[in-house]
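Just so you know, the protein sequences line up as chains A and B, in that order.
For the first sequence, UniProt numbering gives the first residue as 1, with consecutive numbering after it.
For the second sequence, UniProt numbering gives the first residue as 1, with consecutive numbering after it.
Hints are computed from structural coordinates only; laboratory data are not their basis.
We treat Cβ as the ideally placed atom computed from N, Cα and C, and that holds for glycine.
Do not take every clue at face value.
Listing some non-contacts, in silico: residues in chain B with all C-beta distances to chain A over 12 Å [unchecked claim]:
no.	residue
1	M1
2	D30
3	G56
4	P158
5	E161
6	D169
7	D172
8	E214
9	N215
10	L216
11	D287
12	A290
13	I312
Reference listing, derived: stretches of chain A covered by chain B, where coverage requires no fewer than 3 residues with Cβ under 8 Å from a Cβ of chain B [stated by the list, open to error]:
no.	segment
14	55-63
15	132-140
16	157-166
17	171-178
Computed, partial: chain B to chain A, Cβ under 7 Å [unchecked claim]:
no.	residue
18	D100
19	P103
20	P112
21	E138
22	A145
23	S178
24	S182
25	V190
26	G191
27	F220
28	Q250
29	F293
30	D294
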Amino acid sequence: MKILVTVKEVADVDDEFEIDGLGIDDRYVTYDLNEWDDYAVEAAVQIQEAGEDVEVVAVTIGDTDTEDTIRQALAKGADRAVRVWDDALAAAGLLDPETKARLIAAVAAEEDPDLVLTGVQSADDGFGATGVTLAEHLGFEWAAVVNDLDLDREAGVAHVHRELEGGVEELTDVELPAVLTIQTGINEPRYASLRGIRQAQSKELAEYTLADLGLTAADIESPLEQTDLYEPESEGDATVFEGSAEETASELAGLLREKGVGS
Amino acid sequence: MTVLTVAEHRRGELRDVSLELLTAGRELADATGGELHTAVVGGDVEAFAERLDREGVDAIHTVDEGEEFNHDVYTQVVHQLADAVDADLLVVPNSVNGLDYAPAVASRLDWPLVTDVVDLSYDDELTATRELYGSKVETTIDVHADRAAVTVRPAEWPAAEGTGDATVDAFDADVDESAVRSTVTGFEEVGGGEVDITDADVLVSVGRGIEEEENLNLIFDLAEALDATVSASRPLIDNGWLAKDRQVGQSGKVVTPDVYIAIGISGAVQHVAGMKGSDTIVAINTDPNAPIFDIADYGIQDDLFEVVPALIEEFQ
Ligand SMILES: Cc1cc2nc3c(=O)[nH]c(=O)nc-3n(C[C@H](O)[C@H](O)[C@H](O)COP(=O)(O)OP(=O)(O)OC[C@H]3O[C@@H](n4cnc5c(N)ncnc54)[C@H](O)[C@@H]3O)c2cc1C
Ligand SMILES: Nc1ncnc2c1ncn2[C@@H]1O[C@H](COP(=O)(O)O)[C@@H](O)[C@H]1O
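Construct the entire structure; sequences and hints are all you get.
Below you can see the structure in the form of structure tokens.
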């Protein structure tokens with residue numbers, strides 16, 4: 001059995017930042033593995049550990065700088081990784097879910113997985129749509145926002161819980177092959193061990209260009225064009241208490257007492 | 001331009017967002033001199049259609065397929081309906097179920113999709129506004145296509161009101177059962193537990209800013225000093241630091257206390273969905289750009305590890 005896990009390096013913006021064109025000035029950004037993908041990797045590795053003959057392949061679309069991030073997936077137990085990038089991608093506009101799904105589908109066509117795990121959403125873009133779009137491209141079944149997964153390999157079914165709004169979960173049986181988008185809290189992602197980190201250095205990390213995948217620049221042209229990026233005007237009219245912690249705490253205490261709290 | 005929105009319902013209840021979509025859809029139909037259609041798939045479609053007949057709705061399509069949501073059925077039906085009514089714009093809720101079929105429909109129609117949209121306008125082409133980096137910035141996206149699909153963030157548009165005179169017709173979809181490869185076997189209500197945060201007058205709510213599990217003592221001390229109940233944002237529940245019954249938000253509880261004190265919580269949309277109805281909201285956060293300050297009534301832009309001990313002191 002083969003499991004493909006998609007992983008993305010996401011941008012985390014500092015408290016104070018500056019906008020540079022259509023992005024955030026790189027000085028104010030740190031990068032890390034997407035929180036949701038960390039849970040997806042763990043879900044895949046747990047299936048691998050519980051069964052026989054399970055290969056876990058991590059896939060990312062990202063430039064060379066994202067290699068450290070994808071190595072985290074290798075350090076946590078993925079067997080090998082694939083990274084898709086080239087100059088055309090670097091020059092491309094918005095990488096929307098449709099474009100990303102097309103690229104990942106091309107990798108999947110080579111890998112022929114039984115199960116694909118993605119995160120529910122990327123923390124920075126928050127499209128929340130790449131997984132289901134990918135399923136449609138592959139002709140796979142799918143389930144979005146999965147927070148419980150019980151795989152019955154023999155029957156070829158994934159018994160999942162989909163986390164709906166308001167503390168309600170939907171229990172669904174999904175036929176394999178399938179794409180599941182994984183929600184945080186489904187498991188406890190492990191920390192990479194020192195041994196894992198060492199081993200990750202020698203695991204295969206293949207690099208694919210569009211041409212390697214039989215695609216051209218035309219395949220990554222999106223009709224969506226990002227035209228502006230700005231800080232939204234604060235809609236709030238919060239009274240902000242100023243001063244030292246003692247001073248602000250004292251003002252807040254006064255307010256709370258006025259409201260009958262703690263008295 | 002013909003706008004087609006798709007209502008959402010669950011276990012017999014039409015969800016509010018269905019009426020919000022009508023407002024968003026009507027605005028776009030007006031901007032282009034077009035029509036607003038809405039569809040409801042499954043459940044008691046006649047009763048739902050009655051509720052969807054608000055001012056500005058031109059046509060309601062009922063599709064009597066199944067009781068509950070199934071994405072394989074929805075994908076096929078909405079795809080066929082979009083073709084049948086010659087829709088130019090498809091508007092779906094940005095909900096867990098919306099995101100479970102809208103991407104598949106858009107892909108099948110070969111229409112671009114913009115998700116979690118907070119504003120829409122039309123001037124020769126569609127422009128959608130959405131948020132990035134945990135709501136710290138907004139971006140506009142121009143859609144260079146004749147037809148498109150969007151998922152709309154709940155609670156951004158007001159619900160459509162009034163009574164309309166829409167035509168109601170039953171759409172006879174052709175559902176290929178062999179393409180239905182997932183089965184909903186039931187629902188589970190999570191929670192129960194010992195604390196009922198929905199019942200508390202004062203909530204001291206803690207987020208990832210608390211950093212370590214041990215530091216939670218500080219929060220419980222404050223709650224004790226204020227005679228308040230402790231609630232939390234999702235990461236603390238995901239980490240197993242607190243029980244699920246303390247989670248505030250989209251997938252947790254909706255709370256409306258007299259006072260909600262958010263400590264080290266950024267104010268992600270899924271969190272805010274659960275607490276924005278609180279009477280008085282206080283936020284303590286080091287990040288002056290944290291979106292929680294947009295909905296707070298009072299704020300302290302400082303380190304919780306300085307402010308919270310000082311606050312406890314005040315009440316001793
Ligand atoms: C489908 C779905 C459903 C979800 N449902 C929910 C839900 O029900 N409830 C929920 O809460 N989330 C939910 N989420 C997750 C949500 O998107 C956010 O990830 C989450 O709310 C973030 O929690 P947080 O604010 O505690 O953490 P962060 O966003 O990491 O924020 C931590 C904050 O602490 C501040 N901080 C750090 N150190 C300090 C300090 N020393 N003093 C003061 N402030 C400090 C930081 O400035 C930051 O603003 C859901 C997500 C999805 C995709
Ligand atoms: N550049 C990328 N490379 C690999 N996987 C990605 C990429 N972007 C998104 N994904 C996957 O798709 C999920 C949903 O992302 P999104 O639709 O962008 O919110 C993420 O959690 C990842 O698993």
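Taking the hints in turn, this is what the structure says about them:
no.: 1; hint: M1; verdict: 16 Å, holds
no.: 2; hint: D30; verdict: 23 Å, holds
no.: 3; hint: G56; verdict: 26 Å, holds
no.: 4; hint: P158; verdict: 15 Å, holds
no.: 5; hint: E161; verdict: 23 Å, holds
no.: 6; hint: D169; verdict: 28 Å, holds
no.: 7; hint: D172; verdict: 24 Å, holds
no.: 8; hint: E214; verdict: 18 Å, holds
no.: 9; hint: N215; verdict: 16 Å, holds
no.: 10; hint: L216; verdict: 18 Å, holds
no.: 11; hint: D287; verdict: 4 Å, violated
no.: 12; hint: A290; verdict: 8 Å, violated
no.: 13; hint: I312; verdict: 9 Å, violated
no.: 14; hint: 55-63; verdict: violated (count 0)
no.: 15; hint: 132-140; verdict: holds (count 5)
no.: 16; hint: 157-166; verdict: holds (count 6)
no.: 17; hint: 171-178; verdict: holds (count 5)
no.: 18; hint: D100; verdict: 4 Å, holds
no.: 19; hint: P103; verdict: 4 Å, holds
no.: 20; hint: P112; verdict: 5 Å, holds
no.: 21; hint: E138; verdict: 5 Å, holds
no.: 22; hint: A145; verdict: 4 Å, holds
no.: 23; hint: S178; verdict: 11 Å, violated
no.: 24; hint: S182; verdict: 5 Å, holds
no.: 25; hint: V190; verdict: 5 Å, holds
no.: 26; hint: G191; verdict: 5 Å, holds
no.: 27; hint: F220; verdict: 14 Å, violated
no.: 28; hint: Q250; verdict: 5 Å, holds
no.: 29; hint: F293; verdict: 5 Å, holds
no.: 30; hint: D294; verdict: 4 Å, holds
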